[in-house]
Amino acid sequence: MAAQQGDRSALNQLLEQHYDRIYAVCRRLAGNDADASDATQEALLAIVRGLDKFDGRARFSTWSYRVATNACLDELRRRGRRPTPGLPEHETHDQAPQAGAPGVADTVADRLDLDAALAELPEEFRAPVVLRDQVGMDYAEIAETLSIPAGTVRSRIARGRARLAQTLLDSGNQDPPDQRRTEQP
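Using this note's numbering, the first residue of the sequence shown is number 131, and each one after it goes up by one.
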């Protein structure tokens, strides 16, 4: 890989190619843009510093997600020791529909509901659920990324999804967001 051999252009291209998905993983794990941006920046630095250790046994994307997940989990641990900034409670609830944009308010509300539910999940469940449902990684890749057995990945995803569903039901949503979206015309 040219990036490993010091080609700055190749390195920039590699980082640009994977930035959006790394940020998406960090955003879902962190639950807010500020911590996700910090974690993404740390992940990109760690990728650059550790690129010589990438041996090609796994796909680069799998390896980079592992680095990003670790950076984000480290950010969450740091965040646990300081106040958590956030939106005022009244700004996190359903938005009023806008004229000319049917379904947009529901989609935004679903996203806010899902983000809030994900934020309530313990990180041991949040990371596997995000990597499976948001990133689309298979169980083996998640197991490698998180350094846990594949059976543990499966059970954490099942338990995490069950907790998500319960949280969404408890918050007043009678159906999970994906089901509500499909029922609309």
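Any given hint might turn out to be false.
Distance windows between CB atoms, simulated [stated by the list, open to error]: (1) L299 with S139: 47 to 53 Å; (2) R289 with K183: 31 to 37 Å; (3) Q135 with A288: 41 to 47 Å; (4) T282 with N142: 33 to 39 Å; (5) R179 with S139: 16 to 22 Å; (6) E254 with A140: 31 to 37 Å; (7) D182 with R289: 22 to 28 Å; (8) D182 with L299: 45 to 51 Å.
It should be emphasised that the hints constitute simulated quantities derived from the structure, not laboratory data. Just so it is clear, CB atoms sit at the ideal spot from N, CA and C, and this is done for glycine as well.
Going through the earlier hints one by one, which of them does the structure break, listed in rising order? 7
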